[in-house]
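Asks: Sequence:
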Amino acid sequence: MTSTPTSGEANLWPALITFSIAYMIVSAMVTAVLVYLDLNSNTGVSVAILIAATAAAAQKFVAGHGRALSRREQLRFALLATAASMLLSIVQMAVILPIYFSAAELPQLADETRAWVAANVGLVAFIAIFVVGVFFAVLYFASGGFSRMFAKRLATGEPT
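Residue 7 in this note's numbering is what sits at position 7 of the sequence shown, and the numbering runs on without skipping anything.
There's no promise every hint is true.
[Unchecked claim] With beta-carbon atoms standing in for the labels, derived distance ranges:
(1) 17 / 47: 20 to 28 Å
(2) 125 / 148: 32 to 40 Å
(3) 91 / 124: 15 to 23 Å
(4) 116 / 67: 46 to 54 Å
(5) 86 / 112: 20 to 28 Å
(6) 36 / 148: 32 to 40 Å
(7) 94 / 30: 13 to 21 Å
(8) 67 / 39: 36 to 44 Å
(9) 34 / 87: 19 to 27 Å
What the hints contain is simulated information worked out from the structure, not anything from laboratory work. Since the model is a prediction, treat every value here as computed from it, not as a measurement. Think of the CB as a built atom: it goes at the ideal place given N, C-alpha and C, for glycine as much as any other residue.
Given the sequences, and given the hints that come with them, work out the whole structure.
Replies: Set out below in structure tokens:
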């Protein structure tokens, strides 16, 4: 994807930046609450974070363009936001690991993780493909739904 949109397509980068910022903020807040309450996270929490960030991005897009995402823009947004969420998850892990593990423990953790992944390549690949597919589907449908909702509100004069 280029940084400049082709003719007739809106620039999605402001919405993607909004998505990324919202994703990081909501993730940090949810993580803080989960750690404070000593609770485990699950896929439902991850999906809720994606939906919240997508709502913020859709609102940004509609506010900037005065219309909902087209199907093509919705697909592009979902693909780019899926990639962004995966990259941001790596950044989050890089920040969180040193908090919970000492520098001396990190090499052992890396070795154990590599050994487990090597022993379970098929399972890891299936889970990765499944999770990316779920994230993409959530982003695709939520971005379309939220952008249409915010565009409808904008057209009727309701606050978005």
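Asks: Against this structure, judge whether each hint is valid.
Replies: Checked hints:
Taken as a hint, the range 20 to 28 Å holds for the pair residue 17 and residue 47, whose Cβ atoms sit roughly 21 Å apart. Restraint check, residue 125 to residue 148: a C-beta distance of roughly 35 Å satisfies the suggested window 32 to 40 Å. At roughly 20 Å, the beta carbons of residue 91 and residue 124 sit within the given window of 15 to 23 Å. Distance hint check: the CB atoms of residue 116 and residue 67 are about 48 Å apart, consistent with the given range 46 to 54 Å.
Taking 20 to 28 Å as the suggested C-beta distance range, the pair residue 86 and residue 112 conforms, at roughly 23 Å. In this structure the supplied range 32 to 40 Å holds for residue 36 paired with residue 148, their Cβ-Cβ distance being about 36 Å. Checked against the hint of 13 to 21 Å, the pair residue 94 and residue 30 passes, with Cβ atoms roughly 18 Å apart. Separated by about 40 Å at the C-beta atoms, residue 67 and residue 39 satisfy the suggested range of 36 to 44 Å.
In this structure the supplied range 19 to 27 Å holds for residue 34 paired with residue 87, their Cβ-Cβ distance being about 22 Å.
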